[in-house]
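S.K.: Spelled out from the first residue to the last, the chains are:
Protein chains: 2
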Amino acid sequence: MRNSSYTFSQKKVSCLFDASFGDIHTFCKKEKVIIITDDHVYQQHQEKMEGFKVISLTPGEKNKNQQSVDLVIDQLLELETDKQTFIVGVGGGVVTDIAGYAASIFKRGVRLGFVPTSILGMVDAAIGGKNGVDVGIYKNMVGTIYQPEFILYDYSFLDTLPVKEWINGFAEIIKHACIKDALLFSMLERYSLHDIQADSTLIASLIEQNAAIKMEIVTADEYEKADRKLLNFGHTFGHAIENLHELPHGYAVSIGIVAACNLSEKINGLGFDDAQRVVKLLAKYHLPVDIETDYEKVFDVLKLDKKREDDYMHFVLLNKIGEAEAKPVSMNFLHEHIKSIL
Amino acid sequence: MRNSSYTFSQKKVSCLFDASFGDIHTFCKKEKVIIITDDHVYQQHQEKMEGFKVISLTPGEKNKNQQSVDLVIDQLLELETDKQTFIVGVGGGVVTDIAGYAASIFKRGVRLGFVPTSILGMVDAAIGGKNGVDVGIYKNMVGTIYQPEFILYDYSFLDTLPVKEWINGFAEIIKHACIKDALLFSMLERYSLHDIQADSTLIASLIEQNAAIKMEIVTADEYEKADRKLLNFGHTFGHAIENLHELPHGYAVSIGIVAACNLSEKINGLGFDDAQRVVKLLAKYHLPVDIETDYEKVFDVLKLDKKREDDYMHFVLLNKIGEAEAKPVSMNFLHEHIKSIL
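As you go down the protein sequences, you meet chains S and B in turn. Here the first sequence is numbered in this note's numbering, starting from 48 and rising by one per residue. Here the second sequence is numbered in this note's numbering, starting from 48 and rising by one per residue.
These aren't lab readings, by the way, just hints derived from the structure by calculation. If a hint is listed, it holds; no wrong ones were tucked in.
One copy or two, it doesn't matter: identical chains are merged, so the pair holds either way.
When the alpha-carbon atoms are kept at most 16 Å apart in a straight line, the in silico EDC-like pairs for lysine to aspartate or glutamate are as follows:
#	residue 1	residue 2
1	Lys386	Asp341
2	Lys130	Asp358
3	Lys77	Asp357
4	Lys331	Glu236
5	Lys58	Glu269
6	Lys79	Asp358
7	Lys76	Asp357
8	Lys130	Asp357
9	Lys350	Glu125
10	Lys350	Glu383
11	Lys350	Asp121
12	Lys79	Glu196
13	Lys79	Asp129
14	Lys77	Glu97
15	Lys374	Asp357
16	Lys350	Asp129
17	Lys331	Asp242
18	Lys79	Asp357
Predicted model only: the values in this text are computed from it and were never measured.
Here chain S stands alone, though its shape is the one from the complex (with noise of 0.2 Å):
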């Protein structure tokens, strides 16, 4: 068990890595604890969770809405639950994200801590405070950010995780790769997903690394002023198509990533040969990197996006592997070769 410590505006947050379940209590006293989880993760792992007031959702992201956060809190209320009460969240990025927002809201806070369960959840969801819930195909249009007080990582919640979700989680690594670091890039092209599976050491040290260069980001910049800003890279079609097409978020950013580093390409000068292996590597990991559908639809949710400002959209493009910075892009522009882009 290896504790990291990283220090935000409010809150000093622990990484708890190579942890077990039951090092919970090194947090908070089982009786203070709230579980939120979902039904799956519930089922796999009810053991692990025995004698915590659990509240459990329906998967999936068609439930990260008000209309869950409302259930919840409706439970919270009837558990009593004050304001020293620590909300856990165990499971993938859903049920963080809805676990963060509602423990961001109920009486204006209470406790928090995160027990990601997907390598998704691990190297990224879990990670920075950014919580939220959609509105109909809008991704995380509402939502605060709030730091949970811990991360715990029990790699033994991967033994269950289907393969569908190790390919998911791969997109947000694939995305730390190419904005921050060229040889965690080289180091995914040398191995297949199916290495990786196969190594609990290397799985443990993929998910570290890939936890510190997000925490290194979200620490320095929490409230997404400057370099924060890298790790849309990907999610800008990526939100505009997923909820439209019904995609793992995973998978949707794989395309965003594609769209990117096209875009990169055309007003970016990012070389031919890089943007070729980010495609590549998406494949490698049995990412899609390509999709049919409307573009004016797609164009309409862009609209919509959390970066557009007025005319323009900020949008994170490649310099080359390793190197990312964002620019404004005209939504004229945009609505012109979204065609070619996406």
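Could you slot chain B onto chain S? The hints should help.
M.R.: This is chain B only, laid out in the frame that chain S set:
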């Protein structure tokens, strides 16, 4: 027009006293503003808001709930609101609470300003960033702390304020006097509501003095770790009876202040004379000082109060007029003595 600036953890807040509504342009361009108001205020002051995009809510505490927030969110999406949009809440406490909450969660936070139109809004609700909506009879059970960038005081809104709303606002003014300002308390004893209403200079100075009292407390302790707790004086029993009896906020707080004085006499050595002066002053400003209620129902609501921690309630008690402190009081004690306190 006088501009006072106050610095919070994430933002600087400008208070523009003795301003006119049109001065909004000093903070934001008209086309980047979305006004949130209610039908009462809009009907009476429509000419001020000409040319602005307006979302008008159904008035009343009954509508300070998630459904109203959902409606606002839908309209913000329809208006293609981006993160640089200024949401400006124009109204009393209910409006600024909903506007502040919606602004804090939409796209994880857009820009925010307030134009309070009631005494209560001007001296209390618009200041300090606390927002929230009710969940059933539970007051402000869900919300955030999110500062506006400006609070604009246009006293001409008070010309149309019903007398009941004047009375409503004086509960918070008397609260400020009780916890922080014995001189203000004596001044309020010398004047009457009628005197004050008739003297626009006096109104302005009273509002600015009270805004300053609250601002000083909340800038020193934005997240309520210390002195900000004192502002909850009268609000524990107050919140418990407010929605149960559908009382105006100030009326409920007035009864809550009397209850807190009774408790302060019992366990904090508050003198009988001081307690009597408080009750007299509330009555002088036409505020109610007692209520017939179902004590068990009140206690049931009390249990969910944000200031409860396990078996204790952090209760704000008076030491003497002008001086208060927060103390844990056991829930059992409150239960046992609720009849003689309330």
